[in-house]
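Chemist: Mind docking chain H on chain D? Use the hints.
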Amino acid sequence: EAQVTQNPRYLITVTGKKLTVTCSQNMNHEYMSWYRQDPGLGLRQIYYSMNVEVTDKGDVPEGYKVSRKEKRNFPLILESPSPNQTSLYFCASSPWGTDTQYFGPGTRLTVL
Amino acid sequence: AQKVTQAQTEISVVEKEDVTLDCVYETRDTTYYLFWYKQPPSGELVFLIRRNSFDEQNEISGRYSWNFQKSTSSFNFTITASQVVDSAVYFCALRATNAGKSTFGDGTTLTVKP
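Chains as they are written, first to last, in the numbering used here: chain D, 1 to 112; chain H, 1001 to 1114.
Source of the hints: derived by calculation from the structure; they are not laboratory data.
In the BS3-like style, the derived pairs of lysine-lysine whose C-alpha atoms are separated by at most 30 Å in a straight line are:
id	chain 1	residue 1	chain 2	residue 2
1	D	Lys18	H	Lys1101
2	D	Lys57	H	Lys1038
3	D	Lys71	H	Lys1101
4	D	Lys57	H	Lys1003
Only chain D is shown next, with the shape it has when bound in the complex:
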C-alpha cells in the first residue's frame, strides 16, 4: 500500500531532550516536506526536500533540523525542544514539487 508513515504518532517529552520524528514514504517520491499544525494557524511549512541531499527552509524552520540521506526517509530533528514546539506535525511527499502531496497520519508532540 502506497503510504507515508510517521513515528512516533504521539510523544510527550521534556524541554531540552533531543528527539527525532521519522518519516518514510514508499512511493519513490522526489519531494518531501514537514509541516506543523497549530490551532487557527493552518499548516506551516518547516522544511522541505526536493531530492536526496537537497533540503531548504520553509516558513518556520527555527529549532528544527532535517536530513535527506536516502529518497524514502526524511527525519525531523528537534535538538533542544521547547514548549512552543508543542504541535501536531505532518510529513508529506509528492512525486515532484508541484504535485499533489500525500500526508502522513501526523505526530502529536507535547513538550513539557
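Modeler: For chain H alone, coordinates are given in the frame of chain D:
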C-alpha cells in the same frame, strides 16, 4: 512571497444547505497550483482537488464544485446539499511551479448540523 487567505474561520450550516468556502491567494509566480484538502475530525489530511493556474475551467465532482477566477485570485469551494459527514476543517493551499515552498491557508471549520 506567497499567501493564502481563508477569511471564514468557522461556518455552520444545517444539512442539505449549500455552502461556499472562500480562498484568496497571492503569488508573484505566473505558473502555480492550487489545492483543497479536507481534515475530518479523525485528523488525517485528504486531498480533494489540484488546479493549475492555466486552467480556469470550473470543476464539479459529485456534490463538490470549485470556482477558479484568476482575475480575482480566488479558488472557492462549494458543497451542494451538505451532509453531516462534510463536517471538517478545509484547507486551501498554493504551490509555485518548480519551487518547494507550499503555503496553506488557516483553514475553515465547517460544521453541518442534522
